[in-house]
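Engineer: Spelled out, the chains give:
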Amino acid sequence: MEGFFADPMYGGNRNKVAWQMLGFPGLPATYADKVDAYRNKRYVAPPRSIADFS
Amino acid sequence: MVTRLKEVDAVMVGMGWTGAIMARELTKAGLNVVGLERGADRNPKEEFGLTTLRDELRYVTRLELMQDNSTDTITFRNERPETALPIRRFGAFLPGEGVGGTGIHWGALHWRFLPTDFRIKSTLAEKYGAKQIPTT
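Chains as they are written, first to last, in numbering that gives the first Met the number 0: chain A, 0 to 53; chain B, 0 to 135.
Keep in mind the hints are simulated off the structure, nothing from the lab.
Ideal Cβ positions, reconstructed from N, Cα and C, are used throughout, including at glycine.
Heads up, a few of these hints could be off.
Derived, one-sided and incomplete: chain B residues facing chain A with beta-carbon distance under 7 Å [stated by the list, open to error]:
| no. | residue |
| --- | --- |
| 1 | T50 |
| 2 | R53 |
| 3 | L56 |
Partial chain B-side listing against chain A, Cβ under 8 Å, derived [to be verified]:
| no. | residue |
| --- | --- |
| 4 | L49 |
| 5 | D54 |
| 6 | T60 |
This is chain A alone, in the form it adopts within the complex (with noise of 0.2 Å):
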């Protein structure tokens, strides 16, 4: 179950297929500079892992 959750490096959660099901956006994790234009609005972002990004 972590490794279906967990970044893709842990072999699990093969291209990010269980962070698209969820919706969950990955890294980087930090929004603040995306508050203002997604108040109120869904944020829907392709995820991305750590390989993504190495």
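Using the hints, position chain B against chain A.
Structural biologist: The following block gives chain B in isolation, referenced to the frame of chain A:
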């Protein structure tokens, strides 16, 4: 087999904030100081850098920056007559491990003190009665 190391002026047991600040003061005064700390040697650039730091399974779930409580931990009891037992599953209190101690995972959140924080004993006594405050 005991290894006898060269004598120094001072040895800090624990290199968290307390040990580090004291070591800094002692070295500024010209003393030769050795700092001892448990845990793995860490490379700040690799282990505290982005994007490694965003690995939630490693740091948030498996608590990799925290003390390994399977080998050594603190004990806790709720009431005085109880026997204090080792904490094997950490909650909100998360002792750190490695150089920097608990400071390494400090989130730099520093809330402003509330007026009641400056008179905690009085506030507790008013709300729960003076008898509820342990005397020692």
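Engineer: Tell me, in ascending order, the numbers of any earlier hints that this structure violates.
Structural biologist: none
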